[in-house]
Amino acid sequence: MRPTGGHPAGSAPEDRPAPRDGADAPALVTLSGVNKHFGHLHVLRDVDLEVRRGEVVVVIGPSGSGKSTLCRVINRLEPVDSGTVAVDGVPVPAEGRALARLRADIGMVFQSFNLFAHRTVLDNVTLEPIKAKGMRRAEANELAMSLLDRVGVADQAHKLPAQLSGGQQQRVAIARALAMRPKVILFDEPTSALDPEMINEVLDVMVALARDGMTMVVVTHEMGFARRAADRVVFMDAGRIVEEAPPEEFFTAPRSERARDFLSKILTH
Amino acid sequence: MGVIFDNASTYVDGFVVTLRLTAYAGALALVLGVIVAGLRVAPLRSLRLFAAAWVEVLRNTPLTLVFFFMVLVAPQFGILLPLGFWTAVLCLGLYTSAFVAEAVRSGINGVGVGQAEAARSIGLTFGQTLREVVLPQAVRSTIPPLINVLIALTKNTSVAAGFATVELIGVGRRLSTANAGDPWVLVGVAAFYLVITIPAGLLASALERRVAFAR
Numbered sequence: 001m002r003p004t005g006g007h008p009a010g011s012a013p014e015d016r017p018a019p020r021d022g023a024d025a026p027a028l029v030t031l032s033g034v035n036k037h038f039g040h041l042h043v044l045r046d047v048d049l050e051v052r053r054g055e056v057v058v059v060i061g062p063s064g065s066g067k068s069t070l071c072r073v074i075n076r077l078e079p080v081d082s083g084t085v086a087v088d089g090v091p092v093p094a095e096g097r098a099l100a101r102l103r104a105d106i107g108m109v110f111q112s113f114n115l116f117a118h119r120t121v122l123d124n125v126t127l128e129p130i131k132a133k134g135m136r137r138a139e140a141n142e143l144a145m146s147l148l149d150r151v152g153v154a155d156q157a158h159k160l161p162a163q164l165s166g167g168q169q170q171r172v173a174i175a176r177a178l179a180m181r182p183k184v185i186l187f188d189e190p191t192s193a194l195d196p197e198m199i200n201e202v203l204d205v206m207v208a209l210a211r212d213g214m215t216m217v218v219v220t221h222e223m224g225f226a227r228r229a230a231d232r233v234v235f236m237d238a239g240r241i242v243e244e245a246p247p248e249e250f251f252t253a254p255r256s257e258r259a260r261d262f263l264s265k266i267l268t269h
Numbered sequence: 001m002g003v004i005f006d007n008a009s010t011y012v013d014g015f016v017v018t019l020r021l022t023a024y025a026g027a028l029a030l031v032l033g034v035i036v037a038g039l040r041v042a043p044l045r046s047l048r049l050f051a052a053a054w055v056e057v058l059r060n061t062p063l064t065l066v067f068f069f070m071v072l073v074a075p076q077f078g079i080l081l082p083l084g085f086w087t088a089v090l091c092l093g094l095y096t097s098a099f100v101a102e103a104v105r106s107g108i109n110g111v112g113v114g115q116a117e118a119a120r121s122i123g124l125t126f127g128q129t130l131r132e133v134v135l136p137q138a139v140r141s142t143i144p145p146l147i148n149v150l151i152a153l154t155k156n157t158s159v160a161a162g163f164a165t166v167e168l169i170g171v172g173r174r175l176s177t178a179n180a181g182d183p184w185v186l187v188g189v190a191a192f193y194l195v196i197t198i199p200a201g202l203l204a205s206a207l208e209r210r211v212a213f214a215r
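One line per chain: the protein sequences are A and B, in this order. In case it helps, the working numbering puts the first sequence at residues 1 to 269. In case it helps, the working numbering puts the second sequence at residues 1 to 215.
Derived from the structure by calculation, the hints contain no laboratory data. Glycine included, each C-beta is placed from N, C-alpha and C at the ideal position. Be aware that a few hints might be false.
Stated by the list, open to error - Think about it this way: if two alpha-carbon atoms lie no more than 20 Å apart in a straight line, the pair counts; the simulated DMTMM-like pairs of lysine to aspartate or glutamate are: (1) A:LYS265 - A:GLU248; (2) A:LYS133 - A:ASP81; (3) A:LYS133 - B:GLU117; (4) A:LYS159 - B:GLU132.
Unchecked claim - From the derived model, a few chain A residues whose C-beta atoms are all more than 12 Å from chain B: (5) ASP48; (6) PHE110; (7) ARG227; (8) LEU263.
Unchecked claim - Ranges of calculated distance between the beta carbons of each label pair, as one might list FRET restraints: (9) B:ALA52 - A:ARG137: 35 to 41 Å; (10) A:ARG136 - B:ALA74: 35 to 41 Å; (11) B:PRO75 - A:ARG136: 30 to 36 Å; (12) A:SER146 - B:ARG131: 26 to 32 Å; (13) A:ALA94 - B:PRO75: 40 to 46 Å; (14) B:ALA52 - A:ARG97: 43 to 49 Å.
Looking at chain B on its own, in the form it has when it is part of the complex:
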């Protein structure tokens, strides 16, 4: 167990990278996901098809494959991404956006169709209808599933370890090698993940209770 305390600062370095990956990728996924969810209910069929394809492709592709695509295939089309942190953020953000979009869409579908009809009938545009009427009501039922997406994202950041980003898993691998496979090294890694995911889970339950009261 001493190995965890002896290498506390190394752990913290990895933890900070994991946290930053989660935060940046989460923000990117949230923005893209909300836009894609909006497109899925757009009046234009071509936009709906684009959004549906976006969700289905990213949601049904292994995350590792998204990384490989960005690192190995994208350069062949002239898109040269530097290996490392921001590429990882991009891959994680794109991948997670599909799950965010589905969570938001289910929230949108939970808002009665009459709300959108009333909004359209008073002359709001499609964008105004979403912003002013539908999304504010969809948010309530969307937040708990979104936190599940965030927890999954936190754990998914570990894939970046395979692509030259030294986050928690990367730190674990180095410490394992240096300490002859001491099992406590990985216990330490797991503990740092819990620092993010357990509060997120608690937040989800708290919000779920508040939503239940508000109904």
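Just chain A, same shape as in the assembly:
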């Protein structure tokens, strides 16, 4: 079944083409009828979204459109008011050990890195394998070093996060997420807090991950990344999914007026 936005604004939803690939792969992340309020603010309105295994979904939209919240309800950093969220066919449980176990399968990369400030880079990456999965330290260290090498910061392994540049910290955060051997990684504006010259070193790692078949949900303002790596672009506005399309189609021929307006504002310079 095709995932559909709750109430697509503007154009008719019937004539949407199927996504580029993997259309028959099973859904890994399923949101259906999700609503979320912050006080009086209705931040997610009847959101339906499916992310298939191996798919890279990029979520874009103006600030305050609910993209970050969409990302955060998937691992229940934000509980939903109504609707259901399921990962790999299992409804995301309420607070408790079951939720912790489920989160251990979902990587997350934050805008502000959120590396554990009192632990070395290496200990940041080994914490989940050791504490959540019960891996032995030697094995965890080996895994962590290979992942730090993969993201290009192995030589920083014994420093504290504050001694690294923003780009290096974010790559460590990606290594920390990978150490969980996650089914999916959520990226919540991973480059928005970076100096311009560091954005590409992080995006390159993300593109490589996408090529390797990692399932990813990426909230970002980097349209270049969306074009290069996304299987599908999800455009949100005012808490709704307004439009979903493969990147080429979305960027060249957006169907909704709201998306055309948004793109005209960000792509002109």
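Please build the complex by placing chain B on the supplied structure of chain A, with the hints as guidance.
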């Protein structure tokens, strides 16, 4: 002044009791206080309410009343505590735990919310998040206020004198009676308190400087 040296061993006996009261009650308060502070940030509302009630009741009750409650009221509910040292430790520990909990909680609140979110996002349980990520970072800013709590506790042990525990104040009272109100008796008592509280204060300033450097 001679009265202090003439009764040195009596003073030391009282001082040791005060020191033991402070140490045991301090240890109890530290354990309870950290647990209560953890409960105050727990995901379950009922636990948060319990911890908040614990802090508010104990923090806003005069310490003497806590003693009276344990000695006079608790027996009516079938809890019979022997008068003396361990009852004093229990009362002081319970009372001080509220202040420890507040000091630790302010430390926890000083750790950025993103740290706990990252910990939860990698699948750590609530307890692991506190132990592995939040508390180790909260400790830095918690130690100076904790030492203030310890100093207050040292002085609060004097309340135990009213409940059949002969610590420094108890010694002072006996020596005062025996020496016809010689004012030097109480100067001696004060000096022994300073033996505990002044090093504690110095430790607090030293740690505060180290924390300032580490930031």
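A quick look at each hint next to the structure:
Between the alpha carbons of LYS265 (chain A) and GLU248 (chain A) the distance comes to roughly 18 Å, so the proposed pair stays at or under 20 Å and holds. Only pairs whose Cα atoms come within 20 Å are accepted, and LYS133 (chain A) paired with ASP81 (chain A) is rejected, the gap being roughly 30 Å. Using a Cα cut-off of 20 Å, the hinted pair LYS133 (chain A) and GLU117 (chain B) holds, with the two alpha carbons roughly 18 Å apart. Taking the CA atoms of LYS159 (chain A) and GLU132 (chain B), the gap is near 18 Å; set against the 20 Å cutoff, the hint holds.
Every beta carbon of chain B lies more than 12 Å from that of ASP48 (chain A), the smallest distance being close to 24 Å; the non-interface claim holds. Distance check on PHE110 (chain A): its Cβ comes as close as 6 Å (rounded) to a Cβ of chain B, failing to clear the 12 Å threshold; non-interface status is violated. The non-interface label for ARG227 (chain A) is consistent with chain B: the shortest C-beta to C-beta separation is roughly 28 Å, beyond 12 Å. Every CB of chain B lies more than 12 Å from the CB of LEU263 (chain A), the least distance being 31 Å, so the non-interface label holds.
Between ALA52 (chain B) and ARG137 (chain A) the Cβ separation comes to about 39 Å, which falls inside the hinted range of 35 to 41 Å. Checking the proposed 35 to 41 Å range against ARG136 (chain A) and ALA74 (chain B) shows it is violated: the Cβ atoms sit about 49 Å from each other. For the pair PRO75 (chain B) and ARG136 (chain A), the supplied restraint of 30 to 36 Å is violated, since their beta-carbon distance comes to about 54 Å. The beta-carbon spacing between SER146 (chain A) and ARG131 (chain B), approximately 27 Å, falls within the hinted interval of 26 to 32 Å.
Range check, ALA94 (chain A) to PRO75 (chain B): about 43 Å between beta-carbon atoms, so the 40 to 46 Å window is met. Separated by about 25 Å at the C-beta atoms, ALA52 (chain B) and ARG97 (chain A) break the suggested range of 43 to 49 Å.
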